[in-house]
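J.: Construct the entire structure; sequences and hints are all you get.
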Amino acid sequence: IAGITQAPTSQILAAGRRMTLRCTQDMRHNAMYWYRQDLGLGLRLIHYSNTAGTTGKGEVPDGYSVSRANTDDFPLTLASAVPSQTSVYFCASSDSGTGGSPLHFGNGTRLTVT
Amino acid sequence: GQNIDQPTEMTATEGAIVQINCTYQTSGFNGLFWYQQHAGEAPTFLSYNVLDGLEEKGRFSSFLSRSKGYSYLLLKELQMKDSASYLCAVRDGDYKLSFGAGTTVTVRA
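Taken in order, these protein sequences are the chains called A and B. According to the working numbering, the residues represented by the first sequence are 3 to 116, in order. According to the working numbering, the residues represented by the second sequence are 72 to 180, in order.
Keep in mind that the hints were calculated from the coordinates and are not lab data. Note that beta-carbon positions come from the ideal geometry of N, C-alpha and C, so glycine has one too. Misleading hints may appear alongside valid ones.
Part of the chain A face toward chain B, derived, beta carbon under 7 angstroms [stated by the list, open to error]:
# : residue
1 : G44
2 : L45
3 : P104
4 : F107
5 : N109
Some chain A residues close to chain B (C-beta under 7 angstroms, calculated; not the full set) [claimed, not checked]:
# : residue
6 : T100
7 : G102
8 : G110
T.: Written as C-alpha cells, this is what we have:
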C-alpha cells in the first residue's frame, strides 16, 4: 500500500542524545515536510523540502536538521535533544508544494525527551 | 508568522449540523485546507478551497471568503465517528502550509 512510513513509532530519549527520525514515502511526491504537534499549539512546520536536493526552514527549525538526498527519504535529526522537543512528530508529503496538492501524513513518531 | 484562529471545542448531537469557523491572516494566499484528525492518528485531508464560495463533498462542505479571511467547515447529519479534531490550514505566498490549533468536535448520542 502506497504511503508514508515513519520510524520509530515512539521513543524515549535522554537529554543530550542525538536522534534521527526516519521518513520514507513511495508516492514519488516532490515535496516533503516535518511538523511537530503539541497540545494547544497544533501542527507547526519544522523543515520542508520542495524537491530532492533542497531544504528550507519552517516556523520552528532550531535544534533540528534535515537532508533530502533523494525523492523518497527525508530524515529529521535532533543533534542534542532537550525536554522541550518532547512532542509528536509528523512527516508529510505532497505531489507538489503548490496549488491544491494536499499533504499526506505518516502515522507519527511520539518522542519523549527526559 | 501566520495567524489562524478556530474555536477550541464544539459539542453537537448525532444527526445535527455543526459549523466550524476559521479566520486567518497570512502573507499571501494559495489555498485553504481542512483536515480531520482522530485521537492518536494522523491528519487526513477533507477539503480544499482557493476561490470564494462553497465546495460540497457529501456530508461535508467548506466555504471560503478571501476578502474576509474566513472559512467554515460544515458537517451535516453528524455521526458518532465524526468525533475528532478538525484542522484549518492555509497555504501562504511561499506555499508553506500553516495550521490552526484545531477544533475538537464531540458528537453526543
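J.: Next step is simple, just say for each hint if it's right about the structure.
T.: Verification of the hints:
no., hint, verdict
1, G44, "holds, 4 angstroms"
2, L45, "holds, 4 angstroms"
3, P104, "holds, 4 angstroms"
4, F107, "holds, 4 angstroms"
5, N109, "holds, 5 angstroms"
6, T100, "holds, 5 angstroms"
7, G102, "holds, 4 angstroms"
8, G110, "holds, 6 angstroms"
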